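> Each chain, letter by letter, is given below.
Number of protein chains: 2
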Amino acid sequence: MSSPPGGEVELIARLSQLLGEPPSEVILGIGDDCAALDLGGPDYWLWTMDTLIEEVHFHTDYMPSYQLGRKSLAVNLSDIAAMGGEPLYALVSLGWPPGRDLAGALEFGEGLAASAREYQMAVIGGDTVASPEGISVTLTVLGRVPKNEMLGRFGAKAGDRLYVTGPLGLSAAGLEVLKGNLSLDEKEKAPLVQAHLDPRPQLAAGRLLAKEKLATAMIDLSDGVATDLMHLCRQSGLGARLWAEAVPLTSGVLKVAALLNRDPLDLALTGGEDYELLFTVPPVLEDRLPRAFAQAGLRPPHLLGEMVPGEEVLLITGKKEKIISGRGYDHFRLDPREESV
Amino acid sequence: MSSPPGGEVELIARLSQLLGEPPSEVILGIGDDCAALDLGGPDYWLWTMDTLIEEVHFHTDYMPSYQLGRKSLAVNLSDIAAMGGEPLYALVSLGWPPGRDLAGALEFGEGLAASAREYQMAVIGGDTVASPEGISVTLTVLGRVPKNEMLGRFGAKAGDRLYVTGPLGLSAAGLEVLKGNLSLDEKEKAPLVQAHLDPRPQLAAGRLLAKEKLATAMIDLSDGVATDLMHLCRQSGLGARLWAEAVPLTSGVLKVAALLNRDPLDLALTGGEDYELLFTVPPVLEDRLPRAFAQAGLRPPHLLGEMVPGEEVLLITGKKEKIISGRGYDHFRLDPREESV
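Residue numbers (numbering that gives the first Met the number 0), protein chains in the order written: chain V, 0 to 340; chain C, 0 to 340.
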């Protein structure tokens, strides 16, 4: 492609410039997981939209329509979770190729409906269109969060500790399992494949952190820690240090990395689509974290680094430091026929 | 395609069934131009989403990126207009093929931004994704309407008169001009081409009708009168009679129809994408209509029929009657490589 250089981040920055300053009731606009609106009342309204496109975000040879319905909601709910919010309503736009079996569109609807029930929200409208080449799905979700509880990518302080709600790299490893012929037994495969096909938005953890005021900043992991932590750093005006030995991995991720001859940290930090929450905690509140999660019946979060002055995301291995910010996936730099996790 | 039969209308009905009953604060869900939410306060919040897909809704050989930015907002604003509402905020999801010049994505942004300024609303966030084949654009818009003013597809009464805000078939004729080599002079072409590339959502007329309580039901014309009037009839539990000689045509539409050897009424009633408003007026309020429009500086609306008991849309030509409901375009029945207006 010719111009502008810099791919998606640069494109969004220039589009954002064109679109100008939003009115004052728009508390957050372009640059966070959701837009946040003050429409009166005790809550901010959270509003997000995300698109999944066939051959970019998924392939039908491994992604059943039912799971696609679930995942297309999950990736939007994850944005609501990242603000500490509660999802309420969704609209769906489904692009379906006329040559494909419409039974698949109904399976998509079944998955979407099941997922909406599970998260106690309602899909209240939408649009279906013919799509000439592949399936495309856009969902938009409205949710809310009490005004004094909202979390964003901003707000982290130097010295804050960096946590993640779950192990990393499972989705990327699961995609490798789905694509290839890796010799893993079924028990090892299952959690990886599920992480990729049916990610669970961390709504309960997000609400807990917001309500108990335990976090200072938060983002959900869609593109991978390397990229997503960079967003959080930029919005907070800080850098971050990740401790390689603290990055939470599972035996499945280690095994897939070994079979692929890849560094498991690469899968974990740049794989993307884990939809866990990455958040910062002031040291003084760290003690309360494990008990709060345990009392809420949630998995304990994992400490994996700290926020520091600066502009870079550093990976610390023993005494070695490596800059990893900017290494994350950029949609506009890859061939779309490659998988774009 | 195999099942279910019946195309888009049937698909939406079955998806709607799967998604179940919305909660009570959802005043309108699937089945109207917008969802309507009671979030407290004196207004209902209106929420809509619409998608434009390359080679289905437009072709880049005649649709400049700047106009695409404008039109993608216009089709959403038209839904807000149809409820009598005022648009406030939008999110945009732009799918752009990595092989295309990103300068086009910025031109799209310029058109979108210009249109947003024109209608005094703000695009406050969104998403960009790589699209493997063609451009796809989804916008979602939030607006509002005072609770006691909202108009929907329901509410028409037998005997109500049927009006439209402007002449019909210009967009379909404009598309024929853009596609073909019709021997029209530039002055004749211009309004047709503009109607197709840069439709103007009838927000002022929609607000006027809502505020002055002059209409009982309303819908915007995206698929064509034949299809859209059928939606209004169904939601109101009525039929309608259209008087052929009253259908507002322009000399340009007549000329294009003649050059194509087509019935101009066919262009006008099934062409689609006019984005005028079709609305019903109780006979007792008809006298007030022309003055209200004139005082607001708006074009006079055109009377073109009446609502009657029944379930059909009839076109009346002299003493002949023809059923035209169901003749409208159904996205899932056409080859997507055909133009889908």
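None of these hints come from the bench; they were simulated from the model. Just so you know, these numbers come straight off a predicted model, no measurement behind them. Backbone N, C-alpha and C define an ideal beta-carbon position, used for all residues, glycine too. A portion of the hints provided could be inaccurate.
Stated by the list, open to error - Calculated pairs, SDA-like style, for lysine to any residue (alpha carbon to alpha carbon, straight line, at most 25 Å):
id	chain 1	residue 1	chain 2	residue 2
1	C	Lys146	C	Tyr65
2	V	Lys210	C	Leu38
3	C	Lys146	V	Lys178
4	V	Lys146	C	Leu207
5	V	Lys178	V	Pro96
6	V	Lys210	C	Gly39
7	C	Lys186	C	Tyr65
8	C	Lys254	C	Gly236
9	V	Lys146	C	Pro41
10	C	Lys146	V	Ser23
11	V	Lys146	C	Pro22
12	C	Lys210	V	Gly39
13	C	Lys178	V	Pro97
14	C	Lys146	V	Pro22
15	V	Lys146	C	Tyr65
16	C	Lys146	V	Gly39
17	C	Lys146	V	Val25
18	V	Lys321	V	Gln234
19	V	Lys178	C	Pro131
20	V	Lys146	C	Lys254
To be verified - Across the chosen pairs, the derived CB separations fall in these ranges:
id	chain 1	residue 1	chain 2	residue 2	range
21	V	Asp286	C	Gln119	23 to 31 Å
22	V	Asp286	C	Thr59	36 to 44 Å
23	C	Lys178	V	Ala295	31 to 39 Å
24	C	Gln119	V	Pro145	23 to 31 Å
25	V	Glu24	C	Lys321	45 to 53 Å
26	V	Pro145	C	Lys321	52 to 60 Å
> Would you mind marking each hint as holding or not holding in the structure?
Hint-by-hint comparison with the structure:
1. C:Lys146 / C:Tyr65: Violated, at roughly 35 Å.
2. V:Lys210 / C:Leu38: Cα-Cα ~22 Å, so holds.
3. C:Lys146 / V:Lys178: violated (52 Å)
4. V:Lys146 / C:Leu207: The given pair, whose Cα atoms are some 35 Å apart, is violated under the 25 Å limit.
5. V:Lys178 / V:Pro96: holds (23 Å)
6. V:Lys210 / C:Gly39: Holds, because 23 Å separates the two Cα atoms, which is no more than 25 Å.
7. C:Lys186 / C:Tyr65: holds (22 Å)
8. C:Lys254 / C:Gly236: violated (37 Å)
9. V:Lys146 / C:Pro41: holds (21 Å)
10. C:Lys146 / V:Ser23: Holds, at about 24 Å.
11. V:Lys146 / C:Pro22: With a Cα-Cα distance of about 23 Å, the restraint between Lys146 (chain V) and Pro22 (chain C) holds, given a limit of 25 Å.
12. C:Lys210 / V:Gly39: Between Lys210 (chain C) and Gly39 (chain V) the Cα gap is close to 23 Å, so the pair holds against 25 Å.
13. C:Lys178 / V:Pro97: holds (23 Å)
14. C:Lys146 / V:Pro22: holds (23 Å)
15. V:Lys146 / C:Tyr65: Roughly 37 Å separates the two Cα atoms, so the pair is violated.
16. C:Lys146 / V:Gly39: holds (16 Å)
17. C:Lys146 / V:Val25: holds (23 Å)
18. V:Lys321 / V:Gln234: holds (21 Å)
19. V:Lys178 / C:Pro131: holds (19 Å)
20. V:Lys146 / C:Lys254: Violated - the C-alpha atoms of Lys254 (chain C) and Lys146 (chain V) are around 59 Å apart, more than 25 Å.
21. V:Asp286 / C:Gln119: 23 to 31 Å: Violated - the Cβ-Cβ distance for Asp286 (chain V) and Gln119 (chain C), about 51 Å, lies outside 23 to 31 Å.
22. V:Asp286 / C:Thr59: 36 to 44 Å: Roughly 59 Å apart at Cβ, these two residues miss the hinted range, so it is violated.
23. C:Lys178 / V:Ala295: 31 to 39 Å: violated (60 Å)
24. C:Gln119 / V:Pro145: 23 to 31 Å: holds (30 Å)
25. V:Glu24 / C:Lys321: 45 to 53 Å: holds (51 Å)
26. V:Pro145 / C:Lys321: 52 to 60 Å: Check passed, 58 Å falls within 52 to 60 Å.
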